[in-house]
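Q: Sequence:
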Amino acid sequence: MYQDTSCWTAPPIHSSSTRWTRFEDKLFEQALVRFSDDLPDRWDNIAQQVPGKSPTDVRDHYEDLLHDVLQIDSGRVPMPTYADDDSLDDLSRWDSTSQISFGTKPKHGEPERKKGTPWTEEEHRLFLLGLKQFGKGDWRSISRNVVVTRTPTQVASHAQKYFLRQNSVKKERKRSSIHDITTVDTNSMSMPADQNWIPPPSGPAQQQPALQHLPLPGHMSDQGEGPIGVDDIRVCSN
DNA sequence: AGTCGGGTTAAGC
DNA sequence: GCTTAACCCGACT
Numbered sequence: 001m002y003q004d005t006s007c008w009t010a011p012p013i014h015s016s017s018t019r020w021t022r023f024e025d026k027l028f029e030q031a032l033v034r035f036s037d038d039l040p041d042r043w044d045n046i047a048q049q050v051p052g053k054s055p056t057d058v059r060d061h062y063e064d065l066l067h068d069v070l071q072i073d074s075g076r077v078p079m080p081t082y083a084d085d086d087s088l089d090d091l092s093r094w095d096s097t098s099q100i101s102f103g104t105k106p107k108h109g110e111p112e113r114k115k116g117t118p119w120t121e122e123e124h125r126l127f128l129l130g131l132k133q134f135g136k137g138d139w140r141s142i143s144r145n146v147v148v149t150r151t152p153t154q155v156a157s158h159a160q161k162y163f164l165r166q167n168s169v170k171k172e173r174k175r176s177s178i179h180d181i182t183t184v185d186t187n188s189m190s191m192p193a194d195q196n197w198i199p200p201p202s203g204p205a206q207q208q209p210a211l212q213h214l215p216l217p218g219h220m221s222d223q224g225e226g227p228i229g230v231d232d233i234r235v236c237s238n
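Residue numbers for the first sequence follow full-length UniProt numbering, so the first one is 1 and each next one is one higher.
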């Protein structure tokens with residue numbers, strides 16, 4: 001029972017460049033995950049997924065969202081814009097079988113075990129942000145409002161691995177992992193122009209530059225370098 | 001071949 | 001609904 005995104009009974013779409021409907025938001029967020037920030041024409045691609053929106057629109061919207069998150073993060077705003085909205089449930093995610101359409105969708109009712117779509121950097125960053133917003137344990141809210149491409153179960157599972165990694169990494173890390181990213185790289189996330197976010201004064205002087213941009217593994221076949229995963233992103237304020 | 005990382009799933013609370 | 005742990009698979013050593 002896979003949900004084909006193309007089969008959605010799409011609600012009326014208002015393609016105003018200023019107003020974003022829930023549905024548009026969904027399309028946007030899904031596209032956000034699909035087109036990682038390492039792709040050249042990211043906003044063009046994403047814009048194509050959201051009818052009526054221009055690349056500039058989606059980029060602005062992204063910065064808006066990021067800004068919101070950062071404000072929430074810094075305790076200025078209680079809740080995210082649509083935190084209590086649940087009218088988008090049916091179109092917010094795929095079944096774990098189909099997941100993100102990264103090209104490898106199971107044909108049809110395949111009894112086979114699904115491989116499981118790896119988390120993207122983007123998703124992991126969102127996860128970390130959600131973690132800060134809603135706290136550890138509220139996977140449902142995180143899934144619902146932040147990492148909309150993952151089910152609560154998937155988020156919980158990812159969190160489990162993430163925290164396990166955090167613990168084991170203290171001892172000694174063997175291979176690099178996506179979970180090594182523990183800081184949200186807000187730069188690579190396109191900081192809002194106005195830079196309203198004020199990093200909480202974390203006592204002593206440490207606080208590295210909010211975000212470290214670590215190279216992703218991608219394909220390390222030719223690069224003998226130690227690849228680092230999505231999880232190298234760490235939430236900054238703390 | 002053994003080990004590790006990461007995703008899914010089932011069981012327990 | 002969340003946590004924990006087993007399980008599985010792919011990739012790395």
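Hint data in this document are derived by calculation from the structure and do not stem from the laboratory. You may find that some hints are simply not true.
Cβ pair distances, simulated, as ranges [claimed, not checked]:
(1) Asp64 / Asp138: 16 to 26 Å
(2) Asp41 / Ala156: 16 to 26 Å
(3) Pro152 / Asp37: 37 to 47 Å
(4) Pro40 / Ala156: 10 to 20 Å
(5) Asn167 / Arg140: 32 to 42 Å
(6) Ser168 / Asp44: 33 to 43 Å
(7) Asn167 / Gln48: 36 to 46 Å
(8) Ser168 / Gly52: 45 to 55 Å
(9) Arg175 / Pro51: 36 to 46 Å
(10) Asp37 / Leu164: 32 to 42 Å
Keep in mind that this is a model prediction, so the values were computed, not measured. For each residue, glycine too, the CB sits at the ideal point set by N, CA and C.
Q: Evaluate each hint against the coordinates.
A: Results of checking the hints against the structure:
Taken as a hint, the range 16 to 26 Å holds for the pair Asp64 and Asp138, whose Cβ atoms sit roughly 23 Å apart. For the hinted restraint 16 to 26 Å between Asp41 and Ala156, the CB-CB distance of approximately 34 Å leaves it violated. Taking 37 to 47 Å as the suggested C-beta distance range, the pair Pro152 and Asp37 does not conform, at roughly 25 Å. Between Pro40 and Ala156, the C-beta spacing of about 34 Å breaks the proposed range 10 to 20 Å.
Between Asn167 and Arg140, the C-beta spacing of about 24 Å breaks the proposed range 32 to 42 Å. One distance hint, 33 to 43 Å for the beta-carbon pair Ser168 and Asp44, holds here, with the actual separation near 40 Å. Checked against the given bound of 36 to 46 Å, the beta carbons of Asn167 and Gln48, roughly 42 Å apart, stay inside it. Separation of Ser168 from Gly52 is about 47 Å and conforms to the stated range, judged on CB atoms against 45 to 55 Å.
A hinted range of 36 to 46 Å holds for the C-beta pair Arg175 and Pro51, which are about 42 Å apart. Take Asp37 and Leu164: their Cβ atoms lie about 27 Å apart, and the range 32 to 42 Å is violated.
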